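Enquirer: Chain residues, written in single-letter form:
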Amino acid sequence: MTAVIETRSLSKWYGNILGLSDVTLEIEAGITGLLGPNGAGKSTFMKLLTGQMKPSIGRVMIQGQEIRNNYDLYMRIGFCPEQDAFYDEMTGWEFLTSLLKLYPISHEQAAAQAAKALNIVELWNDKDRLIRAYSRGMRQRLKFAQAIAHNPDIIILDEPLNGLDPLGKRKVIRLIKDYKSEGKTIIVSSHVLPEIEALTRTIILIHQGKILAQGDIHYIRDLIDTHPHIISVKCSDPRALAGRLVGEPYVVNIQFGPAAGTVLFETKNRDKFFGLLPRLIVENKLDVEEITSPDDNLQAVFDYLVGK
Amino acid sequence: MSQHTWRSLRSIFGFFFYAGRKARKTKVFFVIGILPVLMALIIKLNQTFFGGRTIEGMGVFSNIIMAFYLQFLILILALFYGSSVCLEEIEGKTLTYLTTRPVSKSAIVLGKYAAYVVFIMAMVLAGVIFSFLILNFEDLLDFSIWKVLAIDLGVLALGLISYTAFFTFLGTFFKRSILFGMVFAFGWENAVQYFPGATQRFTIVHYLKSLIPGGAVTTGGKFSFLLFRLEPSPPLTAVVTLLIVTAVFLGLACLLFSQKEYLFEE
Chain S
1 MTAVIETRSL SKWYGNILGL SDVTLEIEAG ITGLLGPNGA GKSTFMKLLT
51 GQMKPSIGRV MIQGQEIRNN YDLYMRIGFC PEQDAFYDEM TGWEFLTSLL
101 KLYPISHEQA AAQAAKALNI VELWNDKDRL IRAYSRGMRQ RLKFAQAIAH
151 NPDIIILDEP LNGLDPLGKR KVIRLIKDYK SEGKTIIVSS HVLPEIEALT
201 RTIILIHQGK ILAQGDIHYI RDLIDTHPHI ISVKCSDPRA LAGRLVGEPY
251 VVNIQFGPAA GTVLFETKNR DKFFGLLPRL IVENKLDVEE ITSPDDNLQA
301 VFDYLVGK
Chain L
1 MSQHTWRSLR SIFGFFFYAG RKARKTKVFF VIGILPVLMA LIIKLNQTFF
51 GGRTIEGMGV FSNIIMAFYL QFLILILALF YGSSVCLEEI EGKTLTYLTT
101 RPVSKSAIVL GKYAAYVVFI MAMVLAGVIF SFLILNFEDL LDFSIWKVLA
151 IDLGVLALGL ISYTAFFTFL GTFFKRSILF GMVFAFGWEN AVQYFPGATQ
201 RFTIVHYLKS LIPGGAVTTG GKFSFLLFRL EPSPPLTAVV TLLIVTAVFL
251 GLACLLFSQK EYLFEE
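Residue numbers (the numbering used here), protein chains in the order written: chain S, 1 to 308; chain L, 1 to 266.
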């Protein structure tokens, strides 16, 4: 499959601060998740992809063309910004039609496309309400609508699920997946792994302006699995539990936690550990208050990848 | 001008002419803008129905133009609308919606500037015309006063065009452009225009006052002292200078806005 988006040695500095460093990658059609903690460089990367910023070094090619000031390409790209910002004194309808009129289309076409987009995001019935009266979820969907209203081939969404309730998230995820089935290229950023998991298997991991990994989500999962897991158990007799587990070959470290009754296990095989743990709890008649995995998250993967 | 640039300008103009009408500040300035009309109406009603002191309509009209419009309203309108051309997009974080569309950054500045100028011009000129009609109701067949009105309208229009261009530039350059604009409008412009000799030519108001009918001597209003020490430039020089000021500051605003990368503050 040919790459729709290509970046070569892409770097961006804000004065002395590094925003993005030496990013070379290719993105194909379908959904790609851009995953990284806040401040990782996701928004900078997206602003460079959409031509809003000029790279300090390197280049961005979309469908084989330079993006910056390329108005033909701008017509084929839809961008949903992260910030919750609008022309609040407009209604949803006015906002969409006004933005569509910035494209070389007739007023009738703008109205038709705005109506279609509002129907897709299920805001048609609220189209005549002022945007400032919209809920957070409605505003998020309106942002999505302005990104898709001109029927772009490439849709770039910066944290589109931010601040949404579970129902709102499900709606937006469904919308994004619908667009994938139309053969479009979609890039979605998030700092929450399960959100990206719900959308795609193709992930780019970004941290401190650098691309740490790119590929299938299983690869990211493997990174978690090859790194020792920390499992915290808070129970009535942590010493007895530790004593029963200390001889297991896959338990590499045991520490008693700062909180009373807490023991921290480091294991290389989480499945075997969790297979044994319930039996030991029953046999030792332990009262278990809490079992958690403090490092089973994205930050742990980043820490591992950056060698912390 | 290419077809793309022209289309971009038109679409941005349409966008902000529409958005400008709905803006909250427009409602505030509309109220301020109709104050002289209300004042003219009160003066006329007092004179007609309650036998108030007979006044010369053109005298009061000149006072309103000099003291309210020229020295206050056009400055305030140009300051708030001009500096907001770029600044409200950055502070409101809405710039992204425009810069990801097929329109150039220069078209954004020029289109929005044009929309706001047309908009505030309509607000100002309508107020002036209504005040004129109310105050000179009995003398409307005297064609000489219509000439004065036409020139006053032209002066105010030129003032709005040039001041708004200057404040548009200020808005692209400074974060606190309102503060700097206030200093310029009510500090520099108010003080330096009364300096003798060539120094007063470094103000925009000097060229506007140079175009006022009759100059300092025959305006007749109480506020003719505002033309104190005016050493008027020839009308053609004044018009050309104001147009050059407009073009230069708009050009600089476009250049700066196109080159600069604005970051939204969290």
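Read the hints as simulated data drawn from the structure, not as lab findings. Accuracy of the hints is not assured; some may be wrong.
[What the hints assert, rightly or not] Simulated crosslink set (DSSO-like; lysine-lysine; CA at most 30 Å straight-line):
{"hint": "1", "chain 1": "S", "residue 1": "K180", "chain 2": "L", "residue 2": "K260"}
{"hint": "2", "chain 1": "S", "residue 1": "K180", "chain 2": "S", "residue 2": "K234"}
{"hint": "3", "chain 1": "S", "residue 1": "K210", "chain 2": "S", "residue 2": "K234"}
{"hint": "4", "chain 1": "S", "residue 1": "K116", "chain 2": "L", "residue 2": "K175"}
{"hint": "5", "chain 1": "L", "residue 1": "K260", "chain 2": "L", "residue 2": "K22"}
{"hint": "6", "chain 1": "L", "residue 1": "K260", "chain 2": "S", "residue 2": "K54"}
{"hint": "7", "chain 1": "L", "residue 1": "K260", "chain 2": "S", "residue 2": "K210"}
{"hint": "8", "chain 1": "S", "residue 1": "K116", "chain 2": "S", "residue 2": "K169"}
{"hint": "9", "chain 1": "S", "residue 1": "K127", "chain 2": "L", "residue 2": "K147"}
{"hint": "10", "chain 1": "S", "residue 1": "K54", "chain 2": "S", "residue 2": "K116"}
{"hint": "11", "chain 1": "S", "residue 1": "K272", "chain 2": "S", "residue 2": "K210"}
{"hint": "12", "chain 1": "L", "residue 1": "K93", "chain 2": "S", "residue 2": "K177"}
{"hint": "13", "chain 1": "L", "residue 1": "K93", "chain 2": "S", "residue 2": "K169"}
{"hint": "14", "chain 1": "L", "residue 1": "K175", "chain 2": "S", "residue 2": "K127"}
{"hint": "15", "chain 1": "S", "residue 1": "K177", "chain 2": "S", "residue 2": "K127"}
{"hint": "16", "chain 1": "S", "residue 1": "K116", "chain 2": "L", "residue 2": "K147"}
{"hint": "17", "chain 1": "L", "residue 1": "K93", "chain 2": "S", "residue 2": "K210"}
{"hint": "18", "chain 1": "S", "residue 1": "K184", "chain 2": "L", "residue 2": "K93"}
{"hint": "19", "chain 1": "L", "residue 1": "K175", "chain 2": "S", "residue 2": "K54"}
{"hint": "20", "chain 1": "S", "residue 1": "K127", "chain 2": "L", "residue 2": "K27"}
{"hint": "21", "chain 1": "S", "residue 1": "K54", "chain 2": "S", "residue 2": "K184"}
{"hint": "22", "chain 1": "S", "residue 1": "K127", "chain 2": "L", "residue 2": "K25"}
{"hint": "23", "chain 1": "S", "residue 1": "K169", "chain 2": "S", "residue 2": "K127"}
{"hint": "24", "chain 1": "L", "residue 1": "K147", "chain 2": "L", "residue 2": "K260"}
{"hint": "25", "chain 1": "S", "residue 1": "K234", "chain 2": "S", "residue 2": "K184"}
{"hint": "26", "chain 1": "S", "residue 1": "K171", "chain 2": "S", "residue 2": "K184"}
{"hint": "27", "chain 1": "S", "residue 1": "K169", "chain 2": "S", "residue 2": "K184"}
{"hint": "28", "chain 1": "S", "residue 1": "K171", "chain 2": "L", "residue 2": "K93"}
{"hint": "29", "chain 1": "L", "residue 1": "K93", "chain 2": "S", "residue 2": "K54"}
[What the hints assert, rightly or not] Residues of chain S clear of chain L, computed beta-carbon distances all greater than 12 Å:
{"hint": "30", "residue": "D88"}
{"hint": "31", "residue": "I105"}
{"hint": "32", "residue": "G137"}
{"hint": "33", "residue": "G243"}
{"hint": "34", "residue": "E290"}
[As the list claims (entries may be wrong)] To give an idea of the interface, some chain S residues facing chain L are shown, with a C-beta separation under 10 Å as derived from the structure:
{"hint": "35", "residue": "T50"}
{"hint": "36", "residue": "N69"}
{"hint": "37", "residue": "M75"}
{"hint": "38", "residue": "F86"}
{"hint": "39", "residue": "E89"}
{"hint": "40", "residue": "W93"}
Note that the coordinates shown come from a computational prediction; the quantities given were computed from them, not determined experimentally. Every residue gets a Cβ at the ideal spot worked out from N, C-alpha and C, and that includes glycine.
Enquirer: In ascending order, which of the hints set out earlier in this document are inconsistent with the structure?
Expert: Of the numbered hints given earlier, those the structure breaks are 1, 2, 3, 4, 9, 10, 11, 14, 16, 24, 25, 30, 31, 40, listed in rising order.
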